[in-house]
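There are 2 protein chains.
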Amino acid sequence: MTMATVNNGVNVQALLDAREALKGAPEAAQFTWRASCKWQDGTHSTTKVGGFFGLGQEQQHKTETSFEADHPEIFASADKGITPIEYVLVGLASCLTAGIAAVAQNRGVQLNSVESQLEGKMDIRGILGMDSDVRNGYDDIKVTFKIDADAPRKEIEAIVAQSQKRSAVYDIIANPVNVSVEVV
Amino acid sequence: MTMATVNNGVNVQALLDAREALKGAPEAAQFTWRASCKWQDGTHSTTKVGGFFGLGQEQQHKTETSFEADHPEIFASADKGITPIEYVLVGLASCLTAGIAAVAQNRGVQLNSVESQLEGKMDIRGILGMDSDVRNGYDDIKVTFKIDADAPRKEIEAIVAQSQKRSAVYDIIANPVNVSVEVV
Numbered sequence: 017m018t019m020a021t022v023n024n025g026v027n028v029q030a031l032l033d034a035r036e037a038l039k040g041a042p043e044a045a046q047f048t049w050r051a052s053c054k055w056q057d058g059t060h061s062t063t064k065v066g067g068f069f070g071l072g073q074e075q076q077h078k079t080e081t082s083f084e085a086d087h088p089e090i091f092a093s094a095d096k097g098i099t100p101i102e103y104v105l106v107g108l109a110s111c112l113t114a115g116i117a118a119v120a121q122n123r124g125v126q127l128n129s130v131e132s133q134l135e136g137k138m139d140i141r142g143i144l145g146m147d148s149d150v151r152n153g154y155d156d157i158k159v160t161f162k163i164d165a166d167a168p169r170k171e172i173e174a175i176v177a178q179s180q181k182r183s184a185v186y187d188i189i190a191n192p193v194n195v196s197v198e199v200v
Numbered sequence: 017m018t019m020a021t022v023n024n025g026v027n028v029q030a031l032l033d034a035r036e037a038l039k040g041a042p043e044a045a046q047f048t049w050r051a052s053c054k055w056q057d058g059t060h061s062t063t064k065v066g067g068f069f070g071l072g073q074e075q076q077h078k079t080e081t082s083f084e085a086d087h088p089e090i091f092a093s094a095d096k097g098i099t100p101i102e103y104v105l106v107g108l109a110s111c112l113t114a115g116i117a118a119v120a121q122n123r124g125v126q127l128n129s130v131e132s133q134l135e136g137k138m139d140i141r142g143i144l145g146m147d148s149d150v151r152n153g154y155d156d157i158k159v160t161f162k163i164d165a166d167a168p169r170k171e172i173e174a175i176v177a178q179s180q181k182r183s184a185v186y187d188i189i190a191n192p193v194n195v196s197v198e199v200v
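Those protein sequences? They're chains A and B, same order as listed.
The opening residue of the first sequence carries number 17 in my numbering; numbering runs sequentially from there.
The opening residue of the second sequence carries number 17 in my numbering; numbering runs sequentially from there.
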């Protein structure tokens, strides 16, 4: 049986077991992901990600990670990190890619390589407040995958489509999310 | 005049000049932000951000930056990076924070410190495909700012509100964005 030799590094059985376990305990499926941000200077900030809540208790990543964000020099900033909207592309790329690996594993398809290019188009007259008809964020995001896998093109396309259908970040970008901002 | 002493590190004049310049050249306001992603193993991927297009030509960040993303160990993954949806929080935090610095500078308000906590709530039964009524992404994101600035609370709240109103990442999350995914 060829499926036994497929190894994309995703433990699908553990995910199927989790699904079974959560059927009897839906409250364990309620997760809270967190980040804490500190302004440095100008448009430069540092955001840390370490702990989160899930499966009914506090959880910790192996390590806390810090991320620098800034605006580029052409906006008269110091470019001490990528821009906030580029972080959105990082999230989308990694979410779809992880999903492709998981779906391929579940369908018994060996992946050899998965690469993607992302492009987000934006008219900066929006954030500059020049034209109220121009939105602040991306007008359009295009993701292009190049995949080498032991499967026909049609099956690869179906794996990508299923990953998109179950992607948390795709959902967040493509559909509205309620965001509340408050000052304490 | 007190405004002359306010320094949040944001070159507001350069932004106002850019706004003037773009009035006569709207095509220069068309930006394309990019990322390229490579699957590593399992749910682990590496995304690089370096170049982008804007002001009518190719641009480069001072350095190309790599970002690791993975799922945590409680999802039977290796936790070699933060999760894709946590990257969305990094983007939102840094976008609102940069905006606060810029708006405060423009309004002559000296910031002493700006810190924020972000929480995104998610029911993972969505991404596990357990219940079609449960969405994949965040149900709700809460951002809480703690700001020390030389201004009354009301003025600080107005600065945060203006930052939110002009935030690219807030717009991307709160409103729908068209995303196309293809395989070449």
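Source of the hints: derived by calculation from the structure; they are not laboratory data.
Please note that the accuracy of each hint is not assured.
[Stated by the list, open to error] Restricting the straight-line Cα-Cα distance to at most 30 Å, the calculated cross-link-like pairs of lysine-lysine (DSSO-like) are: (1) A:K162 - B:K158; (2) B:K54 - A:K78; (3) B:K170 - A:K64; (4) B:K158 - A:K54; (5) B:K64 - A:K137; (6) A:K39 - B:K158; (7) A:K181 - B:K158; (8) A:K181 - B:K64; (9) B:K64 - B:K158; (10) B:K64 - A:K64; (11) A:K181 - B:K162; (12) B:K170 - A:K137; (13) B:K162 - A:K54; (14) B:K39 - A:K64; (15) A:K54 - B:K170.
The structure presented is a predicted model; accordingly, all values stated were derived computationally and were not measured.
Structure-based check of all given hints:
Between A:K162 and B:K158 the CA atoms are separated by roughly 36 Å; this puts the pair beyond 30 Å, and the hint is violated. Taking the CA atoms of B:K54 and A:K78, the gap is about 22 Å. The hint holds against a cut of 30 Å. Only pairs whose Cα atoms come within 30 Å are accepted, and B:K170 paired with A:K64 is accepted, the gap being roughly 28 Å. At most 30 Å may separate the alpha-carbon atoms for a hinted pair to count; B:K158 and A:K54 meet this at roughly 16 Å.
Of the supplied pair hints, the one linking B:K64 and A:K137 holds, its CA atoms being roughly 18 Å apart against a limit of 30 Å. For the hint pairing A:K39 with B:K158, the CA-to-CA distance comes to about 27 Å; that is within 30 Å, so the pair holds. Distance restraint check for A:K181 and B:K158: the Cα-Cα separation of roughly 25 Å lies within the 30 Å cut-off, and the hinted pair is therefore satisfied. For the proposed pair A:K181 and B:K64, the alpha carbon gap of about 24 Å is at most 30 Å, so the pair holds.
About 28 Å separates the Cα atoms of B:K64 and B:K158, which keeps this hinted pair within 30 Å; it holds. Under the criterion of a C-alpha separation no larger than 30 Å, the hint pairing B:K64 with A:K64 is consistent with the structure, at around 19 Å. Restraint check: the Cα-Cα separation between A:K181 and B:K162 comes to about 37 Å, which exceeds 30 Å; the hinted pair is violated. A threshold of 30 Å between alpha carbons decides the hint, and for B:K170 with A:K137 the separation of about 35 Å lies outside it, so the pair is violated.
Between B:K162 and A:K54 the CA atoms are separated by roughly 10 Å; this keeps the pair inside 30 Å, and the hint holds. Taken as a hint, the B:K39 and A:K64 pair is broken in the structure, with Cα atoms around 38 Å apart against an allowance of 30 Å. A C-alpha spacing of about 21 Å is found between A:K54 and B:K170, which places the hinted pair at or below 30 Å, so the restraint holds.
Hints 1, 11, 12 and 14 from the earlier list are contradicted by this structure; the remaining hints agree with it.
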